[in-house]
Amino acid sequence: AQSVAQPEDQVNVAEGNPLTVKCTYSVSGNPYLFWYVQYPNRGLQFLLKYITGDNLVKGSYGFEAEFNKSQTSFHLKKPSALVSDSALYFCAVRVSISGAGSYQLTFGKGTKLSVIP
Amino acid sequence: SQTIHQWPATLVQPVGSPLSLECTVEGTSNPNLYWYRQAAGRGLQLLFYSVGIGQISSEVPQNLSASRPQDRQFILSSKKLLLSDSGFYLCAWNRPSTEAFFGQGTRLTVV
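Chains B and V, in that order, are what the protein sequence lines are.
Quick note on numbering: the working numbering labels position 39 of the first sequence as 39, and the sequence is numbered without any gaps.
Residues are numbered in the working numbering as their position in the second sequence, beginning at 1, plus a constant of 117.
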């Protein structure tokens, strides 16, 4: 089954320090990978995606992610964390919907990021 | 530009009452539409998806149903709510090769 895993339930980082939120994937073929952020009681906001091309993908709010095929990883990174980055982060992979000729996103369980002032 | 509207934002309903949550998308045509449920502020469970009018697929057996009466309208319903139906419901849309965009969610509490 095609899936993503987020091994950390929670990540704590001091403001101004670099942050990493981990994601690994298991897919057949070339993966389409995504990162989303969710603030309390809100919908998910798209941050960035990897479809093809450069392994380093830049997204919204200064975030970037590195696609690593050999390690089957797609970790989310930011050079300098802000308190306002504190939120729930989801990694997702595009999965084909059998027989429908379309796709859905399968999400990881989410990682809660807390940036400490 | 495309936008997605989902309402209501919060809802408190008694056990056994009906449910209707509505989602509409503007600025695109023939989107794929999805209903997700998020329990305890964490993982997302796909409930239903639709690739066209009247075409609904269910991912998990449950007390809920979905309908797509118009191209850009997706409705989540129940005839009789259970306590276990409480949660945060999210509507989303995408085109087949793009990222998904989410509504703001509905917090449903069944009492």
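Hint data in this document are derived by calculation from the structure and do not stem from the laboratory.
Given the structure is predicted, the values throughout are model-derived calculations rather than measurements.
Glycine included, each C-beta is placed from N, C-alpha and C at the ideal position.
One or more hints might be untrue.
[Said to hold, decoys possible] Quick look at which bits of chain V chain B covers, simulated, 3 or more residues with Cβ under 8 Å:
(1) 191-198
(2) 215-227
[Unchecked claim] Listing some non-contacts, in silico: residues in chain V with all C-beta distances to chain B over 10 Å:
(3) Gly-133
(4) Ser-134
(5) Ser-137
(6) Asn-149
(7) Arg-159
(8) Ile-170
(9) Ser-174
Going down the list of hints, with the structure as the test:
Three residues within the 8 Å Cβ limit are the bar, and the segment 191-198 of chain V against chain B gives 0, so the coverage statement is violated. A stretch counts as covered by a chain when three or more of its residues have a beta carbon under 8 Å from one of that chain; for the segment 215-227 of chain V and chain B the count is 8, and the coverage holds. Listed as outside the interface, Gly-133/V is consistent with that label: its C-beta sits roughly 26 Å from the nearest C-beta of chain B, beyond the 10 Å cut-off. At the 10 Å boundary, the C-beta of Ser-134/V stays outside the reach of chain B, the nearest C-beta of that chain being 22 Å off.
Taking the minimum C-beta to C-beta distance to chain B, about 19 Å, the non-interface status of Ser-137/V holds against the 10 Å cut. The non-interface label for Asn-149/V is inconsistent with chain B: the shortest C-beta to C-beta separation is roughly 5 Å, within 10 Å. Look at Arg-159/V: its CB is around 5 Å from the nearest CB on chain B, not clear of 10 Å, so calling it non-interface is violated. With a cut of 10 Å on Cβ distances, Ile-170/V stays outside the contact zone with chain B, its closest approach being about 14 Å.
At roughly 7 Å from the closest C-beta of chain B, the C-beta of Ser-174/V falls inside 10 Å, breaking its exclusion from the interface.
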